[in-house]
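Generate the whole structure from the sequences, applying the supplied hints.
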Amino acid sequence: MERRAAKAGLSSLAARLAAGAEAVVGARFSADRAAPRLLLAGRDVPVPAPIREDRTQYRPASGQQPTVIGMDGRDALRDSAFQLTLGPPDGGSGLRWSLWHRGELKVFQGSAGERTRFGGRLLSAWFGLDVRRDKHSLAGVAVARSKGEVAYAAGAASGVIKTTIDSVHPYWQRQFDDGRTVWLTLGGGRGTIENKTSGRGAEIAEARMATVSARFRGSLPTLLGIRLSASGAAGFARLQTAGKARTAVGALSASSDRQSLDLQAVLEEGGTSGFTSLSLRRDGGDGMRGLGLELSSAVRSPLPASPGHVDIRARWLGRHSEREYREFGLTVTARRPAGAGGRGPSWSLAATHGVPEGGSGETDRLWADHTPKHGGDTPALALNLRAGWQFVSRRTMFRPHAALGLSGGAASRLTLGIDMGPSPGPVLKLAAERRTPEAGKPEHRVSAAMQFRF
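Numbering (our numbering), first residue to last: 8 to 461.
Possibly wrong hints are sitting among the right ones.
[As the list claims (entries may be wrong)] Mimicking SDA-like on lysine to any residue, the simulated pairs with C-alpha atoms at most 25 Å apart in a straight line are:
no., residue 1, residue 2
1, K169, K142
2, K436, S419
3, K142, L93
None of these hints come from the bench; they were simulated from the model.
Quick look at the structure:
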């Protein structure tokens, strides 16, 4: 039972490695060919020209993710990136080289049967170099260091698996004049896996990883002002370990694969835009298996008489050959940013039901960022309210704010804080938080941080 739980957890980890390669490399395919970019901890540092990406998808309406295991404050890496373009300017002849970096964090959880549960997260640092000969072709190679943690429970046994994988990923994309696009990404790597258990101590095994994913996309004729497109994808990921089969992680081979066919529709009218995708998919490997029909949809509309907007995102696995398997997620978010110059009130209200989409919000992912639990678990409703007011007095910025979070009607989180500092200049962030978990005593925290922008 313990080996089955560990194998399912490593299968999900392998899938997230492949998903990370697909997401990071996919962003390279849509990135601006010439503009440089520097992003530190989620904030753009001014450079001569901003980057632009051709997106038909939307950012997730809620940044909330299920936190399973902490990773020593390195989460800021997921929001950092840079792109440096080398070569002739636009319109010039010759090869255009780009050096780039991107960080990424993925969270997942799931089940391998009765009395077995696992959950974890994967943090990856990517560095790559690619070249464009013309607007139709792109080729490159990326290297990544991925550190993951998977906590599992199987009956009375439990453990924490820590992995470190160094991998290399060559990739290639071709765009045709009629709008069709095809691309291929390969990957291979080696690393170590350490399993810490309560009864046997630490178990260490060497690991090998291999991934491959391919995708095509083509435009269809426009119907009643609705832009239609079709796409398909296939991918495979495997993580193998050496060592002795008497341990939980020794001599294991965990794999995950998925194939999908998708039909997408995009509609823009006035300030309202919408996206809908219907996907037929097949899941295989050592995790969940079977055929499924998935519907994803997103709508963004401006708030009446306000600079804010409303985001509605929904995803539903309507049919699946494994009858006990369920996927459903609905997120509704209303946001009002601060006024001109960042002054005035700002607020956001988000309601999430079920399993929301992954961290990037891209609905055409080959692997989802979250693996829901098997069985009859009832999805919980989560509410998050944030409000603040920013003003300037004697050249000093003040931003008092409050946040309230409710999850499942049992867990809650209340935060009160204030940000202050010269404008522009460093910002002192003070906060007090009370967190009430679903089980256990309330927790209290007081924090202070200094933020510098450069």
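Do the hints match the structure? See the list:
no. : hint        : result
1   : K169 x K142 : violated (41 Å)
2   : K436 x S419 : holds (22 Å)
3   : K142 x L93  : holds (16 Å)
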